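> With these hints in hand, go ahead and build the complete structure from the sequences.
Listed here are the chains, written in short residue letters.
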Amino acid sequence: MINPMQLEGRVILVTGASSGIGRDTAILLSQMGARLVLVARDTYRLEETKSSLEGSDHIGISKDLCEVDDFSYWLKILAGDVGPFHGLVHCAGKVLTAPLRLSKDEDIDGLFHINIKAAILLVKAFRQRDVYAPGSSIVLLSSIGGLTGQPGLTLYSATKGALNAFCRSCAIEFARDGIRVNCVAPGHITTEMTDGLQKQLTTDQLATIERLHPLGIGHVRDVAMAVAFLLADTGRWITGTTLVVDGGYTAQ
Amino acid sequence: MRKAEFLALLALVIEAEPGSLKGEERLDSLEGWDSLAVVGFLALVDEKLGITPTPKDIAAANTVNDLVALFGDIIA
Numbered sequence: 032m033i034n035p036m037q038l039e040g041r042v043i044l045v046t047g048a049s050s051g052i053g054r055d056t057a058i059l060l061s062q063m064g065a066r067l068v069l070v071a072r073d074t075y076r077l078e079e080t081k082s083s084l085e086g087s088d089h090i091g092i093s094k095d096l097c098e099v100d101d102f103s104y105w106l107k108i109l110a111g112d113v114g115p116f117h118g119l120v121h122c123a124g125k126v127l128t129a130p131l132r133l134s135k136d137e138d139i140d141g142l143f144h145i146n147i148k149a150a151i152l153l154v155k156a157f158r159q160r161d162v163y164a165p166g167s168s169i170v171l172l173s174s175i176g177g178l179t180g181q182p183g184l185t186l187y188s189a190t191k192g193a194l195n196a197f198c199r200s201c202a203i204e205f206a207r208d209g210i211r212v213n214c215v216a217p218g219h220i221t222t223e224m225t226d227g228l229q230k231q232l233t234t235d236q237l238a239t240i241e242r243l244h245p246l247g248i249g250h251v252r253d254v255a256m257a258v259a260f261l262l263a264d265t266g267r268w269i270t271g272t273t274l275v276v277d278g279g280y281t282a283q
Numbered sequence: 066m067r068k069a070e071f072l073a074l075l076a077l078v079i080e081a082e083p084g085s086l087k088g089e090e091r092l093d094s095l096e097g098w099d100s101l102a103v104v105g106f107l108a109l110v111d112e113k114l115g116i117t118p119t120p121k122d123i124a125a126a127n128t129v130n131d132l133v134a135l136f137g138d139i140i141a
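One line per chain: the protein sequences are A and B, in this order. Residues are numbered in this note's numbering as their position in the first sequence, beginning at 1, plus a constant of 31. Residues are numbered in this note's numbering as their position in the second sequence, beginning at 1, plus a constant of 65.
Be careful, since some hints might not be right.
[As the list claims (entries may be wrong)] Residues from chain B that keep clear of chain A, each with C-beta distances beyond 10 Å, as calculated:
(1) LYS68
(2) GLU82
(3) GLU90
(4) LEU95
(5) ALA102
(6) PRO120
(7) ALA124
(8) ASN130
(9) ILE139
(10) ALA141
[Stated by the list, open to error] Derived lysine-lysine pairs resembling BS3-like cross-links, with alpha carbons at most 27 Å apart:
(11) A:LYS135 <-> A:LYS125
(12) B:LYS87 <-> A:LYS125
(13) A:LYS125 <-> A:LYS230
(14) B:LYS113 <-> B:LYS68
(15) A:LYS135 <-> B:LYS113
(16) B:LYS113 <-> B:LYS87
(17) A:LYS135 <-> A:LYS148
(18) B:LYS87 <-> A:LYS94
(19) B:LYS87 <-> B:LYS68
(20) A:LYS230 <-> A:LYS135
(21) A:LYS135 <-> A:LYS81
(22) A:LYS81 <-> A:LYS107
(23) A:LYS107 <-> A:LYS155
(24) A:LYS155 <-> B:LYS113
(25) A:LYS125 <-> B:LYS113
(26) A:LYS94 <-> A:LYS107
(27) B:LYS121 <-> B:LYS68
(28) A:LYS148 <-> A:LYS125
(29) A:LYS230 <-> B:LYS121
(30) B:LYS121 <-> B:LYS87
(31) B:LYS68 <-> A:LYS230
[Said to hold, decoys possible] Quick list of the computed label-pair ranges, beta carbon to beta carbon:
(32) B:GLU112 <-> A:GLN236: 19 to 27 Å
(33) B:ILE139 <-> A:LYS230: 13 to 21 Å
(34) B:GLU80 <-> A:GLY141: 55 to 63 Å
(35) B:THR128 <-> A:TYR104: 21 to 29 Å
(36) A:GLY141 <-> B:PHE136: 49 to 57 Å
(37) A:ASP208 <-> B:GLU82: 55 to 63 Å
(38) A:ILE269 <-> B:ALA134: 49 to 57 Å
(39) A:THR281 <-> B:GLU80: 27 to 35 Å
(40) A:PRO245 <-> B:LYS121: 21 to 29 Å
None of these hints come from the bench; they were simulated from the model. Being a predicted model, the structure only gives us computed values, none of them experimental. Backbone N, C-alpha and C fix where the C-beta goes; we use that ideal spot for every residue, glycine too.
Shown next, in the form of structure tokens:
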């Protein structure tokens, strides 16, 4: 029996690993045999994620990606310690729900910093010689917000739309290096990050969101599976795409 | 926070003239008070006051003063 999704012997860096999609992706990838380097701000929750992983050779790094001075130097040193990376999953990100008229300059800067600038700098750092292994795969967590319009999510949507565009050009530029670059765009799923949004919505509004997802509200594992598919050999001929994982939301 | 500041905040959310809100206004009579304004209001009070009333609390409020009352002693 073959298992095209096994990740034995592969080293994968996961950001935003202490909660939600990042945490569940890390757990799934460890179950598929990968060795993981986890990055997140919250030391306690990072350790919790690490202790939930299968296998024992994983590394946790407590770091705020908005405060990294030199991504290229950081990843170079890291790759020197753990060997070249076979994958990068960028899950760290923020959501802001508010009408555009109430947004402030610092909201724009903050959201673009973590959702797009950190992603770009990470990908650039990953692309350095000796940092990535041949046949590497990069997966950036996007959102259906980057593909469809939603009131109150203008800034968030802008960052995710930018991420999708960045991914496409990166995929073409990095193809010659043997690095695949893809996005995964989830619909509405329940995570710590969307808890805040849910607190801002009425029962009726939440019911409407659920109704707009023909397969119902998703779970973190639904997204983690898509990420794993793109990282493993199952995604060998896929690059530059945004894989929509939304229970049918955008099919309507 | 003083009540006048709170009213100024609410006026910002619904794009009303600064100083135009007194408190007795019915929320359903305010032109800019819609679902998007509620989302913005919740984000703003969370940032300024560290408190997020539930959407159910907001839906139960009939007047601007009812909204003020949701924050208890925090608004003097």
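> So if I understand the rule, the pair passes when the alpha-carbon distance is 27 Å or less; does A:LYS135 with A:LYS81 pass?
Roughly 36 Å separates the two Cα atoms, so the pair is violated.
> Decide if the proposed pair is consistent with the structure: A:LYS135 and A:LYS148, CA atoms, cutoff 27 Å inclusive.
Holds, because 18 Å separates the two Cα atoms, which is no more than 27 Å.
> Given the hint that A:LYS125 pairs with B:LYS113, does the C-alpha gap stay at or below 27 Å?
Holds: A:LYS125 and B:LYS113 sit about 19 Å apart, inside 27 Å.
> Has the given pair, A:LYS230 with B:LYS121, been kept, meaning a C-alpha gap of at most 27 Å?
Within the cut-off at roughly 10 Å; holds.
> Need the status of pair B:LYS121, B:LYS87: alpha-carbon distance at most 27 Å?
Within the cut-off at roughly 23 Å; holds.
> Please verify whether B:LYS113 and B:LYS68 have alpha carbons no more than 27 Å apart.
Distance ~13 Å between B:LYS113 and B:LYS68 Cα, so the pair holds.
> So if I understand the rule, the pair passes when the alpha-carbon distance is 27 Å or less; does A:LYS155 with B:LYS113 pass?
37 Å, violated
> Is it the case that B:GLU90 keeps its Cβ farther than 10 Å from each residue Cβ in chain A?
Given that every Cβ of chain A is farther than 10 Å from that of B:GLU90, nearest at about 20 Å, it holds.
> Confirm or reject: B:ALA124 is not an interface residue toward chain A, with every Cβ-Cβ distance exceeding 10 Å.
6 Å, violated
> Taking the Cβ atom of B:ILE139 and the Cβ atom of A:LYS230, is their distance within the range 13 to 21 Å?
At roughly 18 Å between Cβ atoms, A:LYS230 and B:ILE139 fall inside 13 to 21 Å, so the hint holds.
> B:GLU82 clear of chain A by more than 10 Å, beta carbon to beta carbon?
The claim holds: B:GLU82 sits with its nearest Cβ about 15 Å from chain A, beyond 10 Å.
> Please verify whether A:LYS148 and A:LYS125 have alpha carbons no more than 27 Å apart.
Distance ~12 Å between A:LYS148 and A:LYS125 Cα, so the pair holds.
Checked against the numbered hints above, the structure breaks hints 5, 6, 7, 12, 18, 21, 24, 34, 35, 36 and satisfies the rest.
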